[in-house]
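S.K.: Spelled out from the first residue to the last, the chains are:
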Amino acid sequence: MKRPSYVALIATVMSACAWGQQVSVYGTTLAQTWKDETPGFDAKTYTPATQFLGIDATGLGMDGLSMHLYGWGTSDLGYVKASGGKADGYLTYGYLDYRFSQANGELKAGRFSINQGGGFEQVDGISGRTDLRGGFAVSFFAGQPVLYRPDDPALSKDYAYQRDVIYGGRLSLRLKSLGEVGVFYVQDGSKSPKDLPVPEPVDYTRKQLGADIHLVPVAVVDFSGRTIFDVASHPDPGVGMAKPSRIAEHDYRVRVKLPGDFSVSGNFAERNYYAYFAGTTLPSLFRQDDRDKFRGYGADLTWGQASGIQVVGDYKHTHRESYGDTNRFGADLRWAVTDSYMAGLGAHRTNATEALMVDPITPAFSLSNTEVRAWAMYTAEKLTASADAILYSFQDKKNPFLNGQSSLYEVVASLGYQITPAVRVSGDVGFGTTALAKNQATALLRADYRFGFGRKGGR
Amino acid sequence: MARRIVYQMSVLVVGFGLLMGCGVVSPESSFVATHPQELGPGRPMCADCHGDDVMKGSLKPYSAFNHTPDFVRNHRFLAGSDGNTCAVCHAPSFCADCHGGKTVMKPATKLGERPDRMSPHRGDWMTLHKIEGREDPSSCYQCHGRANNDKCRVCHQ
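First to last, the protein sequences are chains A and B.
Heads up, the first sequence is in our numbering, so the first residue is 1 and it goes up one at a time.
Heads up, the second sequence is in our numbering, so the first residue is 1001 and it goes up one at a time.
It is worth saying that the hints were derived from the structure and are not from the lab.
Note that the coordinates shown come from a computational prediction; the quantities given were computed from them, not determined experimentally.
A hint or two may mislead.
Unchecked claim - In silico EDC-like pairs for lysine to aspartate or glutamate, Cα to Cα no more than 16 Å straight-line: (1) Lys176/A - Glu1028/B; (2) Lys316/A - Glu1028/B; (3) Lys1151/B - Asp88/A; (4) Lys257/A - Asp1052/B; (5) Lys257/A - Glu1132/B; (6) Lys398/A - Asp332/A; (7) Lys316/A - Asp1136/B; (8) Lys293/A - Asp332/A; (9) Lys293/A - Glu321/A; (10) Lys1130/B - Glu354/A; (11) Lys176/A - Asp1053/B; (12) Lys316/A - Glu1038/B; (13) Lys293/A - Asp1136/B; (14) Lys257/A - Glu1028/B; (15) Lys438/A - Asp88/A; (16) Lys1130/B - Asp396/A; (17) Lys44/A - Asp76/A; (18) Lys176/A - Asp1136/B.
Said to hold, decoys possible - Derived list of chain B stretches under chain A, where covered just means 3 residues or more per stretch with a C-beta under 8 Å from a C-beta of chain A: (19) 1095 to 1102; (20) 1106 to 1114.
Glycine included, each C-beta is placed from N, C-alpha and C at the ideal position.
With the sequences and hints as input, model every part of the structure.
M.R.: Here is the structure:
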């Protein structure tokens, strides 16, 4: 979005607040500092300050009309600049929302996030939804995708990997006490690749058609998932090469509640990267020409209640064709001792296929590791305190990602105080090791403000 | 191009208005915008109060929205199809804590005082992502493939 558009949008939504029957303003100011000690280099201290600000105003002159705004700005206070010396900021969302009193109808205009069909997108545009007769519902969105840093600013408007328009829609059918099925479509760009400012022989446009399902026939069984198809046109593969699969993703999950506070869930997922990565804005990392495939399945067993002790045991197997297999298993315990005390403990082991390198000294190295985490939290009327520790222990010190270390850890302790009903301050201190910095000490001061009448903010 | 986008959006809005105005739209009143009672601390289990009732709007049992560990880890499908239900209790900023598009810090740093929340990327994530990304890059893609990839580009040119 261009700067004048930003100003116009912010001016509109800010002035709209004056009409609000309920206005909530909330902000968080964060002053951070951290010190990296890397062997062979001078120790560096970074001190950025960041401000988050949000506004929710409802009942803007009429019931159902509301405005929502949220963003952040940051600047380095110290001599050493974490962000290269540049102040930075971002409008996360800023939109007007109208909710109809009938049919769960809703219209949004401005910048917002949309989680519809195959993608989670940030859009400068409009969206809408409504229930129809017979249990049907329809929703749509359209606008310009929010882009960050294009490879080449001159190409930022419309080129192979970052298109100038995005749109999609979903049609669903809801059956009472049974669930919901839906079909959806999402597309980036409207021009053929040969008509782009810089013509492109290959169509990297995302055109995805999918179907989703969520069945809850009885309260104890919950089945959900989706399949996404790549329907864009692609050139024929080279001689001797198989055509890539048109199935971008299968992702399905079932959960069954068992007697005695037990529940079990299982999931299966398969992704063909050629189709799944269609429309990426980061082609160097999520490569469409990579004919790789991912397949995974897993299961969780949960015992207990959220208001007491809850234990989850989990297992997950994944297979990536170009890499190999990974098995991850472990357990998490979450204990809500009282409304004031809560604690958790978790341990997981990951056994992974060795990664291969073109290096005669280290031809392969292990990615296998063990993760242990423990945390505790205390919440009183005005005082809060917490501690959180996580440790990763690696099987193979030859792993080049670890820079010779065999374990990495981080411990964070926090203390907070509610000064007034609207203002709260807290501070975090942390210490740990990273693969680059032998020792890293961190500190963070946080001030939360919350003014207004809205009841939902922040939950 | 801008003119065409405005035209396309106008057609969508007018079409939506016609849909709302004619008889194909459900005559049912909308689901409440805000939960009528304050909820207590911790993860809510909707079925504890609502039992086996079916939720108006989503037409699913309230139990489908119980905030179990499995629900918290896999909320993306319901957030997509039943965002209105989420909005009954959650302000949009709750989602933005993790799904904020371009972000200035890890959610685990911003929410360092809330170890009970499932904030992604704890510890030395810069190192760990090289391992988890090798095992399955599609797990990264879901958040960073099309957006929030500013920092990825520093190394992944």
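S.K.: For each hint, tell me whether it holds in the structure or not.
M.R.: The hints, checked one at a time:
no.	hint	verdict
1	Lys176/A - Glu1028/B	holds, 14 Å
2	Lys316/A - Glu1028/B	violated, 43 Å
3	Lys1151/B - Asp88/A	holds, 13 Å
4	Lys257/A - Asp1052/B	holds, 13 Å
5	Lys257/A - Glu1132/B	violated, 31 Å
6	Lys398/A - Asp332/A	violated, 29 Å
7	Lys316/A - Asp1136/B	holds, 12 Å
8	Lys293/A - Asp332/A	violated, 30 Å
9	Lys293/A - Glu321/A	holds, 6 Å
10	Lys1130/B - Glu354/A	holds, 14 Å
11	Lys176/A - Asp1053/B	holds, 11 Å
12	Lys316/A - Glu1038/B	violated, 37 Å
13	Lys293/A - Asp1136/B	holds, 10 Å
14	Lys257/A - Glu1028/B	violated, 31 Å
15	Lys438/A - Asp88/A	violated, 29 Å
16	Lys1130/B - Asp396/A	holds, 15 Å
17	Lys44/A - Asp76/A	holds, 13 Å
18	Lys176/A - Asp1136/B	violated, 37 Å
19	1095 to 1102	holds (count 6)
20	1106 to 1114	holds (count 5)
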